[in-house]
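Quick one: dock chain against chain with the hints and give me the complex.
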Amino acid sequence: MKEVLLTILVFSPLLGMAALLLVHGTQERRIKWVGILGTLPALSISLYLYGHYLAGHSLNVFSEKAGWIRFGDFQQIDPKLFTVDYELSVDGFSLLMVLLTTVLSTLAAVASIHIKKEWKGYYLLFLLLEIGMLGVFLAQNLVLFFIFFEITLIPAFFLIGKWGYAQKERAAFSFLIYNGFGSAVLLLVIITLLARAGTTNIEALKYLINTEGVPLVSPIPSSMKYGMLIALLIAFGVKLPIFPLHTWMLRVHVQAPPSIVMLHAGVLLKIGAFGIIRFGLGIFPDQFKDLSVLIIVLGVINLLYGAFLAFIQQDFKMVLAYSSISHMGIVLMGLGSLNEAGLQGAIFQVVSHGLIAALLFCLVGIFYERVKTTSIKDLGGLSSVMPITAGFLLASAMASLGLPGMSGFISEFMAFLGLFKADPILAAIGTLGIILTAVYLLRAAMGMIFGKPKLQVNSEAVRDMETAEMVPVFILLAFIILIGVYPAVLSNPLADTIQNILSGSGG
Amino acid sequence: MDLDTLLSYKWGAMAPEFIILGASVLLSLLDLFLPKTYKRNSLAWFALAGVILALISLGTLISGGTVSILNNTFRLDSFSIAFKFILLLGSALVILIAHSYQPKEGFRAFRGEFYYLFLTGLLGAMFMASSGDLITLFVGLELLSVSSYILAGMRKTSQESNEAAMKYVINGGIATAITLFGMSYLYGLSGTTNISEMAKIMSGQAAEHQYLYLYGLAFFMVLIGLSFKIAAAPFHMWAPDVYQGSPTPVASYLSVISKTAGFILLLRLILTLFLTIPGDKADLSFLEQNSTYIGCLAGITIIAGNVAALRQRNIKRMFAYSSIAQAGYILAGITALGYFTFDAVWFYLLAYVFMNLGAFAVIQLMTDQSNSGDISEFAGLYRRSPVAALSFSIFLLSLAGIPGTAGFIGKLTIFMNTLMTEPGHFLLASLMIAGTVISYFYYFGIMVQMFFRPQAAEGRVVLPAGIGAVVMIALAGTLILGLAPNSAFTFLHHNFGSFNDFLK
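Top line first, the protein sequences correspond to chains C and L. Just so you know, we're using the numbering used here here: the first sequence kicks off at 3 and counts up by one. Just so you know, we're using the numbering used here here: the second sequence kicks off at 981 and counts up by one.
If we strip away everything but chain L, and leave its shape as in the complex, we get (with noise of 0.2 Å):
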């Protein structure tokens, strides 16, 4: 590869990585030569202004049509551009969280590697997003990963925050062994870690019924390390211990970016080769023929988690759990391959990035003080902050799918694709439904503490400046989506089409 090669690709397509990137870099630098007397929470500026740049940046390529660089490894298709908006989001919502961040102990002196680690983080996810090769998808993958092991244990003096960080490097170890185990099957029978050219190859070999349980091997292997990454159960163990015991910034960044991550990653590995690979049955692929399975890790993730969560005296395990169902719902989006997947997927991702960032910043606001976390640190909060009260009320109903909500028109647009592929998923869309009743309980259970309870504590909750401002952006966007749900469905077909490109 020669110079002028290199300087044909267009670059410019990469443009939100670079400012990520760049970004990045400057923080770490600003970090090692600012004072030590220099109060590193203003870097969170800084780390805004990147992110929202990169928005911009994004926004810019919308029209530019499909772009594949550097020997088709990274791809700029709707596909890409759609999640990562939904990334970039998400990160915005999350440093301002990070801002108001004050707790007791141990994270003050850390809080500039905070900000540089979270956007090399952040920069992986959108790798992920974009690869279109095993090489840049793992290398996107661990970059989020190591970062996040960092970020778990960034309260360094917490013996917690030190449990959380080693129980997810052990657990997303083990995870990543296993995604790579299933990758190497698929360079093995392919030949190629382009991920297109290994569709072509796979789709030919499919008539050779030897090779199917090669593939099959291949395929629950990939499926199991990433259900690791999305917190499917029954892999889904770590989450709650380390939800717990990280920063809640973090612990807020690991269910929304993490996870979203994750899902792209499935969507791009499993929907691009296991679709295009035919089945030994005639008329479906590999895919659909054992998309059973991924229904399954569906319905156990969602039963598990709403159960477990409803035993949770524990704010942010509560969450852990909460996550972990509604990480239930999204796989039961991906489980019915029919027209509304990606819609489904896309919007209920975008609703989940304001009701659950809402949440956690509420959270954030009234646990931070505190060590134990408990669900009774909310009685009464209606008369300490009644805006407060409101906004959280209104992400827990948006998360429990009630109308008018984000979290309602999403559980919608899910349950339409799980009924219309024929035969329908009836079995799960029951289990979400039983799921979501259960969930009631703990929900509700939240918001009678903050309504009916007296209260636990004197004196009026203020919201600094980084809460308001998520709880702000966040009731809003769970308003409007669960209101004018259109505004994003029309942002969504106007823009990117039906994801048409994103196969091929």
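Looking at chain C on its own, in the form it has when it is part of the complex (with noise of 0.2 Å):
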């Protein structure tokens, strides 16, 4: 059972999708049940992964490897050359993304209540693309990735473009065209891996790639790696987004549903960290520490331009579609400042800003559905109208901004405490957009929850939060504030990540 649970793992979607195949397309409640129910088979094994781990043991055990393409036929000189492996394995950092996308999938699955047609198709696809966000942390060599990563690409782009507001078709191209750019980006560095050093396996290319003269296929200049590398982060910085690449995603996070950014906001974007994390800073580490400085000054533009576009939009939308951006330059300097802390912080600011945004995505659902409005000039006074609404939301708001005692305060102040060993005078210039965070949050928040109520929420009709819809909500603020207040549930599974990074990269 151990050799093929992660395989169970990442297919078992399919389940529920298999079930929801038998239900009939006008049997609106049931087809949600099923929806909701599909995702639980990954939770429960994801939780006993987590509980596997916390027990003590070892997560190695559960490493699977199966042949899967052998190109060419080199038997003879080396039976490993040129084959892609079908091989799966989990780790402390991977671990918690898989944590991430289960709780995620479960509760965005809860959230897409307010779906309002052809359900089944759009659980379908929900599933399907959870089994490619499974399929890309777990993923033991590029090839694999890179189809997984693929297979999330298609069903998002359906269900933005077909579920989605009234520009959903544009955002659903504009999403497709700069990820399959990202992408094809990808792929090319992934293929010249392959064919120049003859695997993709990630354990194996970093002793090839890192480790002086071993005999490779085809020679790989010193230059190439560097190409290779800037390549990786513009592919993943399509994905992040790093700005100036970031345009499609505005578009993205106001116009598809807001159950779709939950996920997207909090797991497709995260699949850019990671891939930085795993790939290019795991695979090239020299490369990458000659590059840091470049890497941290673009996570202070990040998070400076993010901040300031946040502050001036009417959307409420918007305004999380900047932060995101803002919030997403801190993982970028975290990662720059190469030390444990500044590591830690970017990846606690990944999982932490997968579960706010995912909590603030959650509640703009939930009011959008009342009130059919998400600027913020329309909604001042939404305290007197749906108080409990209300109440989280600025509890999220506060999250956001990184009130100590929640998620978001813990991963800024290592990401910064990492940065100012490395580089002060940057991360001094990044406390600045710490600062606007808070502006920024604090301007939209008061303006939507305070004031005189406006005439599109004074009304009769506009009932508060169900309980439902508040399933979701109490258990991502939950997550926030379990690890604000105690940090070590993300730490401890992290330290060998960190260390195994640091080590590759001479630090």
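Heads up, a few of these hints could be off.
Label-pair ranges, simulated between beta-carbon atoms [unchecked claim]:
#1 C/SER220 <-> L/MET1452: 38 to 44 Å
#2 L/GLY1439 <-> C/GLN29: 20 to 26 Å
#3 C/THR28 <-> L/GLY1439: 17 to 23 Å
#4 C/LEU444 <-> L/VAL1441: 27 to 33 Å
#5 L/TRP1025 <-> C/GLY69: 36 to 42 Å
#6 C/ALA68 <-> L/MET1217: 46 to 52 Å
#7 C/GLU120 <-> L/ILE1042: 48 to 54 Å
#8 C/GLY69 <-> L/MET1452: 27 to 33 Å
#9 L/ILE1042 <-> C/ASN494: 36 to 42 Å
No wet-lab data here; the hints were simulated from the structure. Glycine residues also receive a C-beta, built at the ideal position from the N, C-alpha and C atoms.
This is the structure:
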């Protein structure tokens, strides 16, 4: 069982998909239930894995490997040459990402009760998306990673384009072309590595790229390594997103249905960070070190650019979109500092922002359902109409701006701690961003929650949150506070991964 | 040559060709003598039986080793078997597509003609795969071309179809003339038409540089002539008009069988001859020195095909440009002469047979009742026939090179081949990537029609038997090659080694 548990984990949403096919397309309630239940097997397996880890056992027992593709016929020379295996494995970092994925998937599935049409197609694509996201974090070679990476692309395209708001198709194409471009660049790197090193296994590549004088199929000169690292930064920079590759993400945040944005902001964008850490930093540590200042600068630009633009937005969803850009800047700053605190902060930020963004968009979905607007101007006085929603909104805004006791604070604190060690001047500029974060979030939150109730909101028909809606909100907030109060839930599993990365870069 | 020598040849090596020839002759006789009222459509099963029989007899020849008969003009080596396999497979699918073809006008009366002309075209392509001599090569090429010209004009009352045939004849004629002109230089330089002897003589002459220019002339003439055949830019202008005008089964035949035959010829002629001629720089053969030109051709083809496809509203024109772009990808595989060249080209063509014919089957289903062929005919197909919409999407995803499908593995192999050589063809690989991203626009545009738009017409779409069979086979092929590509690679390496007997 343990040998195939990861496969079962990744493909468990198939079970839900099969069950969905048996339900008739008009039975709304049943479809939604099956859809939500379909995310549960993955959630329980990932929780079991975490429990297994907490009990002090090694995660290595879950690694699995099977022969898959063999290009050419080199069995006499080296049986591993030009082979791509089906190999999955889990370590502390990927365990956290998997947990984030499964938790957010279940909660987003619950939040999807607002979906109005064609529930069957929606949940089928939703579960397919989950397969892709889980696979991405567990794949042990680049080709397999890429396949799962692209599997996320197709369902996301349809989910945005079919169930989104007015300009959904434009947003879907924007998503597809930007991400298609990103994956194309990624593919170029992957195939260069496969063609010249003869393998895409991550561990093998770490050795082959960073050891002098290892025989390769074709030489990989130093300039090519820099080229590949920059290509990786571009590929994952589209996903993260790094300024100026971010415009698609604004459209998606505004046009996609909120339950999909929960997954999009919560997990899909994080694949960018995961990729930079796993492959950029993992395979090219020396080159990454040389480019670290560039990465910090990009991070600071992201942080400030996102914060400034979030400040002037009139639409709450746009505020959140720019806030995501701004927060991803902190990830880059943490990574660029290349020390323990910085890396920890970066990964904390990845998880923490995943939860906070999901929470905020879950709330957006809830009040949009009732008042049909997300414009800050039109929303004033939410607290008198929907006090519970308004309360949660305030709490999540606080989490997002980094209030101590919540996960946002820990991650920003760690990232800046690392950055001040590595580059105090850039760190000082970066702190401006922290202040701006508080400013734009408070401006938006205050404008919506307090003040005179506006016409659109002041209606008898508007009811506050229902119990079903409260479940995801409550669970997300609980996680955010848990991490804020007891960060060891994240830092313990990460310790080995971070040590591994740092020893790779000789830091 | 007396009777004994004639009988001493291993005629068994030509068994698949004989079967196709026999089937074609019998079909033409049947068509002639059957009463006018007899429905010619059932002749499809006869043609299909012929192709399947040929496929089986080809299967028995796999383990026979290299056979060369008729003074080395007909060669049965691993290369020819591997590619004939693709030709026959594609033909079987095209026959099934043709069986379900029910246009409004002007095809029914000539249906019998269609099947035997189709088989003679196939025979020509198979001869090209096996030819060891310029004469057989050229006869094969002409047999294929002349059959295709007639096929393109098969809907005799349709003006578009006539236009297509006319354009195809003129363009094809020019292309053949250019190829033949190039071949005449080859003959002039070597004094023989046999390809392997030619290679021997030419590799000896190489030291004298004055010949290099003549080789160059021959090389470019042949390359340009064949570029017409595979519709590589800038010699692709005929393709959209011809595809649009010809009956859909013929368009699918042109885009798959005829194109495959073009690549077979290209590999046969260019690789055998020009790879053996040393160039004027040390250690590099003539072909390696000049592969940049094939690379340019590939790059232009990829970009031109994909960009032009963006602007098409007519689905057949769009697919014409799409298959131009696909030809560009395959040319990129030929540009870099690495270990994986044969694997890449063979696998991509196999994948292409499945994904493109599957797509054409659905296109025919949706457009043969209308004259417009506009992509809006696909609007809301998901509601009218989920099976057709989903399988068409998978073919489109495969053509776009999305993982999980055959097209992805095909592109991966080609990529690997282009980047493996030293120096790697990074520019070409980047162009391929750019082309792939551009192609998302129009492939996903069709999917937007199928899934997002309201229905174009009422009523469910029912898949007729032939189309249904093609869609299912193509779907299985696309997914199996995409998810378990080893099935094809193992088959290739187990049976054909690394095509070691190709150059001998």
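Legend entry - Enumerated hints in conflict with the structure, sorted upward: Failing hints, ascending: 4, 9.
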